[in-house]
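Residue-level listing of the chains:
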Amino acid sequence: MQSFAEKLQSTATSFGGFVPELVLSAGIVIIVVAGLIARKQPVWTALLCALVFLASLLFELTYWNAYATPRGLFSNMLRSDSFSAYLRIIIDISGLLTVFMTTRDPKPLRFHAEYYALLATVILGAHLLVMSQSLAMVFLSLEMISLSSYVLAGFSFSRHGTEGSLKYFLFGSVSSAAMLYGFSFLYGLTGTLDFSAPEFARQLIEHPSPLFFVAAAFALAGFFFKIAAAPLHPWVPDVYEAAPTPVVAFFAVVPKLAGLGVLARFTLVLQAGGHAIFDWQLVLCAVAILSLTVGNFSALWQKNAKRLMGYSSVAQSGFLLVGIAAFLPQGIHYLLFYASAYAVGSFIVFLYLHYFERLGFSSLESFAGTGRVWLWPSVFLLIGFISLTGLPPTGGFTGKLFIFTSLWDAYQLSGKSIVLWLMIFGLLNTVVSLFYYLRIPFFAFVRNGKHVATTNNLTFENLLGLLLVVGILFLFFNPGLLMGWINKINFAL
Amino acid sequence: MTPLDTLQAHSSFFVICLGGALALPLLSFLLCFYVSEKYSWATSVLAPFLMMASTVCAAVVLYQAWNHPAFTWQRVWFSIADHTFTAGIHVNNASALMLFVVTGVSFLVHVYSIGYMAGDTALRRYFAMLGFFTFSMLGIVVSDNLLLIFVFWELVGFSSYMLIGHWNESPAAAEASKRAFIINRVGDAGFLIGLMLVWTHGHTFNIEALRALPLDPAWMTAASLCIFCGVVGKSAQFPLFTWLPDAMEGPTPVSALIHAATMVTAGVFLLGRAHFLFTPAALNVVAITGAITALLGAFAALSQHDIKKVLAYSTMSQLGLMVAAMGAGAPEAALLHLFTHAFFKACLFLSAGSIIHALHQAQHQSHVNFDVQDIRLLGGLRKKLPFTFIMFVVSGSALAGLPLFSGFLSKDAILAALVHWSNTGDAWHWVVLLVVALVSFVTVLYTFRLVWTIFNGEEKSTASLVVSEPPVVMRAPMAVLALASVWIWFSWNPFSFSGWIYNHIGAAKDFHGGFVSMASAAWVLLALAVAYASRGRKLDSRLLAQGFYVDLFSRKAIEQPTLQLADLTHRADKKWIDGFLHATAYAQVIVANLTGWFDRAIVDGFVDGAAGLAKSIGSFTRSFQGGKIQLYIFWAAFAIIIFIIWTLL
Amino acid sequence: MAPVHHFLYLGAFLFSTGLIVIITKRNTIMVLLGLELMLNASNLNLVAFNSLHPGSLQGQMFALFVIVVAVCEAAVGLAIVLRVYRQYRTSVPDHVNELNQ
Amino acid sequence: MNAPLILFYFFEAAAAIAAVALLFARSVFYGALLVIVILLALAGLYVLAFAEFVAVTQILVYAGGILVVIIFGIMLTSRLSGKPLVVEHTLPVSGGLVGLAFFGALVYAIALQTFPTSESVAKTSTTFDATQTVGIALMSDYVLPFETTGILLLMALIGAAVMASDNASKKI
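Residue numbers (the working numbering), protein chains in the order written: chain S, 1 to 493; chain F, 494 to 1142; chain V, 1143 to 1243; chain U, 1244 to 1415.
These are computed hints drawn from the structure, not numbers from a lab.
Keep in mind it's a predicted model, so treat the numbers as computed, not measured.
Among the clues, some could well be false.
Simulated pairs of lysine to aspartate or glutamate, DMTMM-like, Cα-Cα distance not exceeding 25 Å [said to hold, decoys possible]:
| # | chain 1 | residue 1 | chain 2 | residue 2 |
| --- | --- | --- | --- | --- |
| 1 | F | Lys876 | F | Glu952 |
| 2 | S | Lys450 | V | Glu1240 |
| 3 | F | Lys876 | F | Glu951 |
| 4 | F | Lys802 | V | Glu1240 |
| 5 | F | Lys531 | F | Glu647 |
| 6 | S | Lys7 | U | Glu1331 |
| 7 | S | Lys303 | S | Glu357 |
| 8 | S | Lys416 | S | Asp279 |
| 9 | S | Lys450 | S | Glu461 |
| 10 | S | Lys450 | F | Glu952 |
| 11 | S | Lys7 | S | Asp105 |
| 12 | F | Lys802 | F | Asp867 |
| 13 | F | Lys802 | F | Asp864 |
| 14 | S | Lys416 | F | Asp709 |
| 15 | F | Lys876 | V | Glu1240 |
| 16 | F | Lys802 | F | Glu951 |
| 17 | F | Lys802 | F | Asp613 |
| 18 | F | Lys802 | F | Asp709 |
| 19 | S | Lys488 | S | Glu365 |
| 20 | S | Lys7 | S | Asp279 |
| 21 | S | Lys303 | S | Asp105 |
| 22 | F | Lys1121 | U | Glu1331 |
| 23 | F | Lys802 | F | Glu962 |
| 24 | S | Lys40 | V | Glu1240 |
Between beta-carbon pairs, the in silico distance windows are [unchecked claim]:
| # | chain 1 | residue 1 | chain 2 | residue 2 | range |
| --- | --- | --- | --- | --- | --- |
| 25 | F | Ala774 | S | Gly480 | 46 to 56 Å |
| 26 | S | Asn65 | U | Val1263 | 41 to 51 Å |
| 27 | F | Leu927 | S | Leu282 | 31 to 41 Å |
| 28 | U | Pro1335 | V | Glu1240 | 19 to 29 Å |
| 29 | V | Glu1240 | F | Val778 | 25 to 35 Å |
| 30 | S | Thr454 | F | Asn560 | 33 to 43 Å |
Ideal placement from N, C-alpha and C gives every residue a C-beta, glycine not left out.
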């Protein structure tokens, strides 16, 4: 038993691996205070928020080498390693992009300080979630993301925004309550909250029981809600349709990747290196198949661009789950690559959906003929969609190629038919997704519309979009650079 | 292999030429876009000039690479963990020749376009996209790697979309370009899956490396069939062929390019490159698809009235022959036909374009208006357009496969390969052979029907027009292509396909018995006779006109000296010849109707049906989405409890 | 001290009751009450399990944090309910379904 | 049967009966009162499970805090509508069946289960300095979740203020 002083000492040393999060926490407070002072100057709070995210990002990069040796922080509440650091970097970049997108949107600016503070809170929660290795921290950081998200979803201040917020809140709280209930049983079954502790896995391997399965199923339900996987997905299209577009872009990436990070850790423990009596690979494969099917097939029907992206987000969760379901170290690496490509592609699409939304185009038909007038935005949007579909020459293709490769390796290792089925379904769904992802470009380029507008190609969107497009093309033409970086990540508990 | 090795085998001059052949079309694309609006006429000098340079480079490449070890240049593209992705160039005899044919035909089409497109408002875009189109095709030709091929494959699809929809003010053109784009995407989705299967199985995309790998037949069947899906889309095979006739909405030189050298031939070329991937089971599918396409295309061509649509369906039918030959395990025969076809089909399209151009000019002067592409309105143009007539007849003869023309040689090669195939394989292989024979018969029929309808007989709508031959920039390319449609360039012996090309573009197998050659010559001449006999008949009324010709034919037979046999001969003629002509006519009508029905009901139905099935699944998955939050929670809880109970039990 | 199973049965009962309340009640505030029931079921479990491990405080600490989170959820939830009420003039969740394409 | 056990079953029964009553309650106000009963009964159970600090928090925060807020909400919504709040049911059968299925599955799974205990550790004196133990734990092992809840509370407050502000519901 450590003495109190020793514990304080270890807490103090833990702060060394916790700098970005400290920056974020301080940033939240500063933004709130700044909002009180600069009530009328949304630009300043935006700048402040961007600076906070940038600082967090820079600290992540500075400490990158230090993260290479995993260690526990704060009495093993958190685990600092390069896997979570990589995800945190993507999350920070996504936060920055969201801030840039928001500056173009007048709606959230009425409560700008609150908005940016909530954004920073989600980022902080996502940071904590990917690092968590205690069930208590998982729950707290998940709630941190969720509660802020419920409010952010309502930031369009319209009837629909409120409705989306209510649905998100009710669905989210029920799933997190179910997850918590599952956690409470896992605690009872193992006697510890630290799911990386050896006794946690030992108890689960040595005393498998129906209750363990039920508890874990409940716990997974909370994660699946967070990453918007079926069958915990019904909130997604409603929220995506109602929330402000920058917030939707944010939701499509940050909570999803954070949930994915912790899900990867958690299922790895459950699977216990294949010693588990129950086959969790089966569950993940089934959920992935279900998400792919539900997301892609429902998306075919949509008429509203953002709602369509909601279903697409469900389907993308299915693809992301493929990387976990392979249960191979290489699969995790490929998952990180795919996640990066997904984040970039998703932001390209939402950046331009936002651009067109502000011009008054939100239903699919209304995009008719926009490609002739707004050439570059439409071309960039097309590239974003191509990446989400997974066609060359974009990073989406490379990512899909990688995760299906790892799935094939998993099939050859395990020989389970469900893995093969997932592969078949995944490939078939790639085809299905082609049909709806290309619908907006189809309307934009093929249909004729009457638009009289003068366009200025030198806009903020186009500069940011060009950057992202170059990024996504780069991920195709030279994925080795990023992959080399990812390959240095050691994913093991 | 490092670049150094290859430099020992090939001079740096060779490498520069290869680079030039590839880069000049791209340069043309870039430069054409940056010519200012005011000087847009300059593109019509610049682009053909650059293409000419590219053609010269390609000729040097062909000369130097021919019968040398394949030139390969490869570098690591990127590597992940223990997998290395490479990108590179592979030039063997077949790709060097293809390189030359593509650049050459493209150059001629560029020159022709100077005249044809003169005065077009979007000249810059036109020439830019032609250059890009050519570049993308060259990329497919020289890539050593399936992934790279797929990238260029998509670019070809994109640029063809731009070109078919060049006159995008016309709704039909916009619709056609959309159709081409979307149907090609359907095929490409299959291709993509095939690529993933190849990668997951072999962990490489490099074609030569794949060739060396021991591959599991079951998976390779699946992968090769998926890749074949891409071919089906790009090369307009059954059932994804509908875009090709529609694509006639584009400018005629573009059609020539699409049909002769780029786009549709890409699929066949890919089949040749990746032929080793195809297992016998997959090859059977390929052969059957090719035969069906050839048959449908040939009969559809018979019943068309639009001059360009006849040619489009004929392309489809010829592609079907090539694909069938691929399926029969004779890639060199298919490639030979690909090369011969490139010249004569380009020539045919340019001739058709010349007719259209000339008549448009004439219409413009005398202010009359009718559809110049409708062959029912044409006739007797031989006197007004003598040069075009000769060009059309020469290239048409090559298409029909008359002896002394290039088409005869390559069709002969395909027939010989199929004879060999049906002798050695399953019993049903004969059916494919018979279908192909029938197709070559029908080919003669529709080709000469076209020639006779347009150039012979009475002048109809054109009687009052003053028609003059197109300018020399348009005639010169036609002449060159027509010259390239005679046998001499492909084999010294007009009755033996086994010439310098055939023997060196693959592991040539000499199936050649004189029998096949003679039989096919006789068969084609018989078809020519039938075509002549039925030359004046309109397809709609041919059943009525039937009796007269048969009587004539029979009367001639009666006049034969042997009176005792006269009656018998008469009856035999009645029975056989009449029956045959009847059957042909009936078959034409039935198949033409069938094709139409097939096009509407099955192909569109298939596409609609697939979309419909997907949509109905979607409406089911979506039906849980009533908008009521408590219902959402209920369904989620329901799903979880069902899952839990199912696992507990 | 009663066997831990009896705590758990009550927890399961509260959890199921909470779920039924959430699904069936046509009033958002009632739904919030059901939610509190579900959270309390977990808390009961945590405290009960902690009594099996007297040396550690993990379960109890977790339960404390859950209570704080429940406070936050109730605050945010009520704020959302009030705004829905202002804009839709109803507290019946079913009536708030304009997003149902 | 000793006194704690009697008390235990009393609290259990109270919570269960109140929960059943909640299922059938048609007034939101009574519903809230029933939830208070459940929360108090649970607080009693926490005391019996040696979690006095949690029990006190339960009474102070839940019964004293959350429910006051909820009752405030009930008052506010009924004042806005001016109608008495009678609650109808939706999906009563399927909702009930799903709930019962959950209960059945859970009871089945719990009944089969034995839980690991750690008897070896000497029981720390939970009676007189429970609060101190909790306090030390909060400041040492649990300092991170403690601080996290701080930020969570702050943001929940700000979020609730944004959502509930009158300004927010104006039409744009």
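Each hint tested on the structure:
1. Taken as a hint, the F:Lys876 and F:Glu952 pair is honoured in the structure, with Cα atoms around 10 Å apart against an allowance of 25 Å.
2. At roughly 30 Å between alpha-carbon atoms, S:Lys450 and V:Glu1240 are farther apart than 25 Å, so this suggested pair is violated.
3. Between F:Lys876 and F:Glu951, the direct Cα distance comes to roughly 11 Å. Compliance with the 25 Å bound is thereby established for this hinted pair.
4. Simply put, F:Lys802 and V:Glu1240 have alpha-carbon atoms about 51 Å apart, too far for the 25 Å limit, and the pair is violated.
5. A C-alpha spacing of about 32 Å is found between F:Lys531 and F:Glu647, which places the hinted pair above 25 Å, so the restraint is violated.
6. With a CA separation close to 54 Å, the supplied pair S:Lys7 and U:Glu1331 exceeds the 25 Å bound.
7. Restraint check for S:Lys303 and S:Glu357: the C-alpha separation of about 14 Å stays at or below 25 Å, so the hint holds.
8. Between S:Lys416 and S:Asp279 the CA atoms are separated by roughly 11 Å; this keeps the pair inside 25 Å, and the hint holds.
9. Restraint check for S:Lys450 and S:Glu461: satisfied, since their Cα atoms lie roughly 23 Å apart, inside the 25 Å limit.
10. Simply put, S:Lys450 and F:Glu952 have alpha-carbon atoms about 44 Å apart, too far for the 25 Å limit, and the pair is violated.
11. Our distance criterion of 25 Å between C-alpha atoms is broken by S:Lys7 and S:Asp105, whose separation comes to about 47 Å.
12. For the hint linking F:Lys802 to F:Asp867, the alpha-carbon distance of about 10 Å falls within 25 Å, and the restraint holds.
13. Pair hint F:Lys802 plus F:Asp864 holds up; C-alpha atoms about 13 Å apart against a cutoff of 25 Å.
14. With a C-alpha separation of about 19 Å, the suggested pairing of S:Lys416 with F:Asp709 holds against the 25 Å cut-off.
15. For the proposed pair F:Lys876 and V:Glu1240, the alpha carbon gap of about 73 Å is over 25 Å, so the pair is violated.
16. With a CA separation close to 23 Å, the supplied pair F:Lys802 and F:Glu951 stays within the 25 Å bound.
17. At most 25 Å may separate the alpha-carbon atoms for a hinted pair to count; F:Lys802 and F:Asp613 meet this at roughly 23 Å.
18. For the proposed pair F:Lys802 and F:Asp709, the alpha carbon gap of about 43 Å is over 25 Å, so the pair is violated.
19. About 46 Å separates the Cα atoms of S:Lys488 and S:Glu365, which puts this hinted pair outside 25 Å; it is violated.
20. The suggested pairing of S:Lys7 with S:Asp279 is violated, with an alpha-carbon distance near 39 Å, which exceeds 25 Å.
21. For the hint linking S:Lys303 to S:Asp105, the alpha-carbon distance of about 23 Å falls within 25 Å, and the restraint holds.
22. Between F:Lys1121 and U:Glu1331 the alpha-carbon distance is near 15 Å, which keeps this suggested pair within the 25 Å criterion.
23. Note on F:Lys802 and F:Glu962: the hinted pairing holds, with a Cα-Cα distance of about 23 Å set against a maximum of 25 Å.
24. The hinted pair formed by S:Lys40 and V:Glu1240 fails the criterion: a straight-line CA distance of about 33 Å is larger than 25 Å.
25. The beta-carbon spacing between F:Ala774 and S:Gly480, approximately 37 Å, falls outside the hinted interval of 46 to 56 Å.
26. A hinted range of 41 to 51 Å for the beta carbons of S:Asn65 and U:Val1263 is inconsistent with their spacing of about 60 Å.
27. A hinted range of 31 to 41 Å for the beta carbons of F:Leu927 and S:Leu282 is inconsistent with their spacing of about 52 Å.
28. With their beta carbons about 25 Å apart, U:Pro1335 and V:Glu1240 fall inside the hinted range of 19 to 29 Å.
29. Between V:Glu1240 and F:Val778 the beta carbons are some 51 Å apart, a value that contradicts the proposed interval 25 to 35 Å.
30. A hinted range of 33 to 43 Å for the beta carbons of S:Thr454 and F:Asn560 is inconsistent with their spacing of about 60 Å.
The earlier numbered hints that this structure contradicts are 2, 4, 5, 6, 10, 11, 15, 18, 19, 20, 24, 25, 26, 27, 29, 30.
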